[in-house]
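Engineer: Sequence:
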Amino acid sequence: MDETAAPPEPARDDAGETETSPPASDSRPTLDKADFDRVTSFIIQLGAAARTYGAGSPQLAAYMHRLRQVANIDAHHLFTTSYIWHIFCYPGEVWQFGYLDRVIGKSFNLGKLAKLSAVVDQVCELEITLAAAFKELKQLAADPDDYNPWIVAIGYFSSAAGFAVILNTTFFAAALSGLLSLVVFALTLLTAGSKWITDTFEFLSALVVGALACLVAVYLPEVDYVSVALAGIVVLIPGYTLTVGVGELMDRQILTGSEGLVKGLLTAVQLVFGASIGATFVAWVFGHPIEATAVEYSTSLLLISAAILTFGLALVFQVSPRDLLWAITGGVIAYSGTQIGAVWGDWQGPFIGSLLLALFGALYSVLTRRPAIVVNLTAIMVLVPGASAILGMSLVREGGVAEGLDVELNAVMTIFAIVAGQIIANTLLATREHR
Numbered sequence: 001m002d003e004t005a006a007p008p009e010p011a012r013d014d015a016g017e018t019e020t021s022p023p024a025s026d027s028r029p030t031l032d033k034a035d036f037d038r039v040t041s042f043i044i045q046l047g048a049a050a051r052t053y054g055a056g057s058p059q060l061a062a063y064m065h066r067l068r069q070v071a072n073i074d075a076h077h078l079f080t081t082s083y084i085w086h087i088f089c090y091p092g093e094v095w096q097f098g099y100l101d102r103v104i105g106k107s108f109n110l111g112k113l114a115k116l117s118a119v120v121d122q123v124c125e126l127e128i129t130l131a132a133a134f135k136e137l138k139q140l141a142a143d144p145d146d147y148n149p150w151i152v153a154i155g156y157f158s159s160a161a162g163f164a165v166i167l168n169t170t171f172f173a174a175a176l177s178g179l180l181s182l183v184v185f186a187l188t189l190l191t192a193g194s195k196w197i198t199d200t201f202e203f204l205s206a207l208v209v210g211a212l213a214c215l216v217a218v219y220l221p222e223v224d225y226v227s228v229a230l231a232g233i234v235v236l237i238p239g240y241t242l243t244v245g246v247g248e249l250m251d252r253q254i255l256t257g258s259e260g261l262v263k264g265l266l267t268a269v270q271l272v273f274g275a276s277i278g279a280t281f282v283a284w285v286f287g288h289p290i291e292a293t294a295v296e297y298s299t300s301l302l303l304i305s306a307a308i309l310t311f312g313l314a315l316v317f318q319v320s321p322r323d324l325l326w327a328i329t330g331g332v333i334a335y336s337g338t339q340i341g342a343v344w345g346d347w348q349g350p351f352i353g354s355l356l357l358a359l360f361g362a363l364y365s366v367l368t369r370r371p372a373i374v375v376n377l378t379a380i381m382v383l384v385p386g387a388s389a390i391l392g393m394s395l396v397r398e399g400g401v402a403e404g405l406d407v408e409l410n411a412v413m414t415i416f417a418i419v420a421g422q423i424i425a426n427t428l429l430a431t432r433e434h435r
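Oh and the sequence shown: position 94 is 94 in UniProt numbering, straight run, nothing missing.
The set of hints was computed from the structure by calculation and includes no laboratory data.
Among the clues, some could well be false.
Label pairs and their in silico Cβ distance ranges [what the hints assert, rightly or not]: (1) 199 x 280: 18 to 24 angstroms; (2) 298 x 101: 47 to 53 angstroms; (3) 287 x 428: 32 to 38 angstroms; (4) 145 x 83: 23 to 29 angstroms.
Even for Gly, the Cβ is constructed at its ideal location relative to N, Cα and C.
From just these sequences and the hints, can you work out the full model?
Structural biologist: Next comes the structure, spelled out in C-alpha cells:
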C-alpha cells in the first residue's frame, strides 16, 4: 500500500518499535528528487527481501540505519512480524512519503540472508552502484536455494534423530523420530497447493506425528513416544521465536517482542494439543503404551548428537555450504556450555551455553562479514527452550497444573537465561547487525 499523505507520528523510540534517523547532515551533498526516489525504493525492496529470508527487527534496523547514513536521508521505520512501515522525509521539505509493506516470510533462508548482507556492505562501502544493487536483489530472489528438497529431507531426518538422542531415547527411537520428521517435511511440500494445510500446518503435523509415535509405542514398549514425537517436530518448535521475543521485550521493542512471543506461544500450544489429541486417540483405540525408560549416553556421544542436530537444522534453514562448519561448531559450543553450566544449576547451563554461542556468533560475524543469525539460529535449538515449554504444557494437560508447573517454570528460566547470555555477549563483542 502506497500512501503519499503524511502518516501519523511514529511511535516513541523508547518503546523500541521504530528505527529513527537523525536529520540529514549538511556535510554531505543532498540528493535530488530522482536519486531520493531510487534510494527509498531500494530501502523498501531490501527490507522486504531481508524479512522474507528471516531477518529479525534488530538486523533490519541496522540495515536501514547504515543505508540512511550513506544516502544522507531522514527516515523512520516501524517493524512488526508481518509489516514494515517506512516514512521518508526529503531534506528541506515539509512533506513525508509513507509506504506500508506487508511482508510474510515463508521460512528461514540463511544462505540468501548472508548474501543480502553482503549487498548491503557493498552499497554502504560504495563498492557497487545502486543500479547494480537492484540487479543483485533481483538475481538473489531468482536464484535457487542452496539445497534441493532431497537434501532438505536429510536435514529433517538428521535434526530429529540428533535431538532424540539428546532427549535420551534409544537409537531405534531416534531413527523413528527421523522417519516421523519426514512426514512433517511431506506436509511442508503439500502446503504449496493447499490453503487448509497451510493454515493448520503446525497442528496437523503434531497430530500425525503424535498419533504415529504412540501407535508404534503400543507394540514396541521400549519407545518413549513423548520424546519421539517431540523430536519428530523439532523443526517446528518455536525455541528461537520465544527467545527473540523475550529479548526484544527486554530491549523495549514492545510491538515486535510481544508479537514474536505470542506467535511462539501459539505455535507451542498448537503443537501440544495436536500431538496430545493424536496420541490420545491412538491410546483410546489400541490401548495405552507402557512408559519407556530413559537411556544414559556419554558426553562425547551427546556432543556428536548436538552436531548432527545442528547440521540437520542448517540444511533445513538453507545455511550456505561454506558456513556449515561454522554452524555445526556453534551447536557443539552451545551444548558444551550447557553441560558446563549444569554443574551449578538448572538455568546456569542454558546461560553459559547462550553466552558462549553469542560470543562465537559475534566472532563469526566479525571474521566472515556475515550476520550472526547464521550460527545462532541453528544452534539455539541445542538449548531447547521451546522443547521445555512444550513438555511442560503436555504435563499440565495430562496431570494438572501441579504436574507441569516445575517444568514450565524451568522453561521460563531457560528462556530468560538464554536472553541474558545473548545480552551480555553483545555488550562484550558487538555483532555486525547491532552496530
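Engineer: To test your reading of the hints: which numbers does this structure violate?
Structural biologist: Hint 3 contradicted; others consistent.
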